[in-house]
Amino acid sequence: MMNRSGWFEAAGGDQPRTHGGDVAGGERTLRASVRRRAFAGQIIRYFWSYRMKLSTGLTIAAAGLALFLAAFNGTGGVAYAQASPYASGGMSVSSGGLSPISASSGMTLWTDPATGEVFTRPGPGRTPLNLPVASPQSQQDLMQKLQQQEQKTAELEQQVQTIEPAWQDYLGSFKNKVSIGGQFWGDWSMYTHTSWAPQLLTQINPPGPGNNLYNSFDITRAYINVFFNPTSDWTMRLTPNIYRTTGTTANQGYGKTGGIGSDLQGNLGFRLKYGYVQWNTPFENLGIDPIKKDVIVLGQQPQPLTAWEEDLYGYRFVNLTTWNMSISSTFPGVSIQGPITFGPENLQYIDYNIGAFNNASFHALEQTNTKEVMARVSLYPFGARWRFDGLGLTTFYDYGYGNVTPDNLDIPSNLKGPNARIERLAEIVHYTADNWGLAFEYDWGKNAWTPGNQYSGSGPAEIFGETPSLPPAATLNQEAFANLASALLNNGRTTQQAFNLFGHYHIPDTKFTLFGWINQFNTNTDVNNNPFDWQRYVVGIAYQYNEYLRFAIDEQAILYYQNQYNFPVSYAKQFNFVAPKGFKGKTIPNVVLPDMHTTMVNIEYMF
Amino acid sequence: MDVQKHVRFRRFAGLTAGAAALLLASGPVTSYAQTAGNPTVMASAPADPPMKVSARNDAPPPKAEDCAIVTVSTPMKYACNGKVYTSYELQHLREKWEAAHK
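Protein chains in written order, with our numbering: chain Y, 2 to 608; chain D, 290 to 391.
Bound conformation, chain Y alone:
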């Protein structure tokens, strides 16, 4: 029976008006009726079992047909319908649903347009109502179509199960082309003796003399390492790192009468440490096997010495390397680097890194119209199976200029440090085995050590242009001391020299390794009894917790080499010393600062 929507409902549900003579009798008709209802039941079960997954026109049509057949072979045998609208509507639906199937036979009923009644035989005032009826052949075709559809659905389901979701595909590509890691260095340091001295680790700025037992928890490195390798021949690296935000800060007015304090002082901020692209295969197709692994790097990158030496030493999370106290580890520029290998075993005999860089490091604005050239060449006379294997002889040379704009060069100045050329040389003999390593390093420099380096940890207020809270006479003496530091360390013709010995030894069958670094640093060899000369020692023991995590406990010290004395003003003037206004003394008193000692507990987590 058709409902108002034009769909058929099960017969008998809506007060059918029956007429005895209209009932279609006979065994054939009954069997056909049973068959049709059974078939309709199959269709409904089929439809139900697949729910709406088979949402195709064919399925809907089949369901419609099934219901149609059921309706017309119901118990009443006569369907009550409002013939004019519904019959045509019903026909219309049936023909639409039967369109894929040819209805080879039809059924004729009669309807009274005045009453809307439908009859099985003609009579006065009745008009024929032709209805299509599916023949057995049509039903067979339909079954065949349904089976085919069922098979297609099964295939589709199998395909859906085997299809890799898009997000999985994306993550797979991401994993193979992007590498993310991190690096954390932290410590707790306790200064039994404080002093003004070079920085022992970056981001650490202990106070000066008179603050013994100062201690702090520090984070000295927090890298986020991201490497992108969309193709094997190019790699991009981005590495943000923390830095201590110190410097001039100002509070801020807020509204008409209010204000808020600055929150910039002392924060650990993030800045870009490394940002470069690396061409991995520039020499791969040249047919020159010894250099086929060499690379070209463009961008903000490690300069040739420091990162290499940190890896050679292995304990950078505990202390800085010596030249790194003078020169930043990172510069924007371009470099070529790589091993040169020979022989059937591809042993490394040369490892080099040569580049041209800004004169300004990664945390400064480039101001020059010149550039800085740095080169490191490491020779392994017996061949190395890996980067530092066995005996190595390394030379590093750096030639650059102070970071000032060209128009500054013409301005007359008392001290020429900022305008002078800068040179750094390192000669290193090193031997590395699995369980120990030892290196001796000789350093030589020209204009490579300034008061800024000398007091990178902290220094007298006058060095930084600040006025100390001292009595006037003491303030004047500190100003004279600051001027002396500039005269001896920033006069544009200073020469540096340093001797270093560093290494480590793994205690067999334990997780412990002894390590140490000692050096003597002459800040300007042209000065007799230079009060700024210093020695350093680092002695400690490290514990390797696992492949990613190390701890260390160590003692570090900066020892000023000279004994205390007063520096003659007449001698200081040979280095362009200018006495501060009001300073009448013939000597600058107590120019040798006290030693600095600290005990540290360090941690490194590397992933």
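One should not assume that every hint holds.
Claimed, not checked - Distance condition first, Cα-Cα at most 25 Å in a straight line; then the derived SDA-like pairs of lysine to any residue:
| id | chain 1 | residue 1 | chain 2 | residue 2 |
| --- | --- | --- | --- | --- |
| 1 | D | K385 | Y | D435 |
| 2 | D | K352 | Y | I542 |
| 3 | Y | K176 | D | D355 |
| 4 | D | K352 | Y | I181 |
| 5 | D | K352 | Y | N436 |
| 6 | Y | K512 | D | S362 |
| 7 | D | K385 | Y | L515 |
| 8 | D | K352 | Y | K294 |
| 9 | D | K385 | Y | N436 |
| 10 | D | K352 | Y | K585 |
| 11 | D | K391 | Y | Y546 |
| 12 | D | K352 | Y | S571 |
| 13 | Y | K293 | D | T360 |
| 14 | Y | K294 | D | Y377 |
| 15 | D | K385 | Y | L550 |
| 16 | Y | K512 | D | P349 |
| 17 | Y | K585 | Y | S571 |
| 18 | D | K352 | Y | G182 |
| 19 | Y | K512 | D | K352 |
| 20 | D | K391 | Y | D510 |
| 21 | Y | K176 | D | P349 |
| 22 | Y | K176 | D | R383 |
| 23 | Y | K176 | D | N370 |
If you are wondering where the hints come from, they were derived from the structure by calculation, not from laboratory data.
Please arrange chain D on chain Y, whose structure you already have, making use of the hints.
For chain D alone, coordinates are given in the frame of chain Y:
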């Protein structure tokens, strides 16, 4: 003053020499010449799968503390017996061996 400085310098030189002597005397020197008979692999050369090595002779895999540091970066790399391993590889080898010997 000069005498004191001389004494300081001698102390520094003595400490340096002492440290060098300690390190040199503390263990056998492993050189390439001594290990040349073993299979050698460059850092970037494809190495034998380390798992096969440990599976063959059932020896414990190298430990990070027994290896030299090659690179402190992402990933950390270690050199053990002439072969270079990442920290992930060493971890994997260690865990696999530990699981097999529980």
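Cross-check of the supplied hints:
1. K385(D) x D435(Y): Distance of about 23 Å is within 25 Å: holds.
2. K352(D) x I542(Y): holds, 18 Å
3. K176(Y) x D355(D): It is violated: about 30 Å lies between the C-alpha atoms, which goes past 25 Å.
4. K352(D) x I181(Y): Within the cut-off at roughly 24 Å; holds.
5. K352(D) x N436(Y): holds, 11 Å
6. K512(Y) x S362(D): holds, 21 Å
7. K385(D) x L515(Y): violated, 29 Å
8. K352(D) x K294(Y): Measuring from Cα to Cα gives roughly 28 Å; hence the hint is violated.
9. K385(D) x N436(Y): holds, 24 Å
10. K352(D) x K585(Y): Roughly 66 Å separates the two Cα atoms, so the pair is violated.
11. K391(D) x Y546(Y): holds, 20 Å
12. K352(D) x S571(Y): violated, 61 Å
13. K293(Y) x T360(D): holds, 21 Å
14. K294(Y) x Y377(D): Status holds; Cα separation ~23 Å.
15. K385(D) x L550(Y): The given pair, whose Cα atoms are some 19 Å apart, holds under the 25 Å limit.
16. K512(Y) x P349(D): holds, 16 Å
17. K585(Y) x S571(Y): Since the Cα atoms of K585(Y) and S571(Y) sit roughly 12 Å apart, the hinted pair holds (cutoff 25 Å).
18. K352(D) x G182(Y): With Cα atoms ~21 Å apart, K352(D) and G182(Y) stay inside 25 Å; holds.
19. K512(Y) x K352(D): holds, 9 Å
20. K391(D) x D510(Y): holds, 20 Å
21. K176(Y) x P349(D): Violated, at about 30 Å.
22. K176(Y) x R383(D): holds, 23 Å
23. K176(Y) x N370(D): violated, 30 Å
The structure fails hints 3, 7, 8, 10, 12, 21, 23 (numbered hints given earlier, in ascending order).
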